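J.: Sequence:
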Amino acid sequence: SVRETMHEIEAEITTRVRRGGQNGTQTTGNLVWAEFLHRTSRPTAEDHKPDPHLHLHAYVFNATFCTSENRWQAIDLAGI
1 SVRETMHEIE AEITTRVRRG GQNGTQTTGN LVWAEFLHRT SRPTAEDHKP
51 DPHLHLHAYV FNATFCTSEN RWQAIDLAGI
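Numbering-wise (my numbering), the sequence shown opens with residue 1 and increments by one.
No lab work stands behind these hints: they were computed from the structure. Please read all numbers here as calculations on a predicted model, not as lab measurements.
Estimated spans, in silico, between C-beta atoms of each pair:
(1) N62 x V2: 15 to 23 Å
(2) G20 x A45: 53 to 61 Å
(3) S41 x T67: 39 to 47 Å
(4) R71 x R39: 35 to 43 Å
(5) E8 x H53: 18 to 26 Å
No residue lacks a Cβ here, since even glycine has one placed at the ideal position from N, Cα and C.
Working from the sequences, and respecting the hints, build out all of it.
T.: Here's what the structure looks like:
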């Protein structure tokens, strides 16, 4: 479910376009992100051992490739 959600978000990613007198946004549909799988939670206060707890963290970099400007740019988060 995490990957499905991230792919849905990725499809909607935009960046600002300002070259050549433009003043708008472009949907890039690409995103730089990484997943980190954790199998346990933080240690408990009682016995200081972590409980089993399978979960993922998705870390998103503020970068998307803009084809019209042919470079990496910041994500425009206004629409998210």
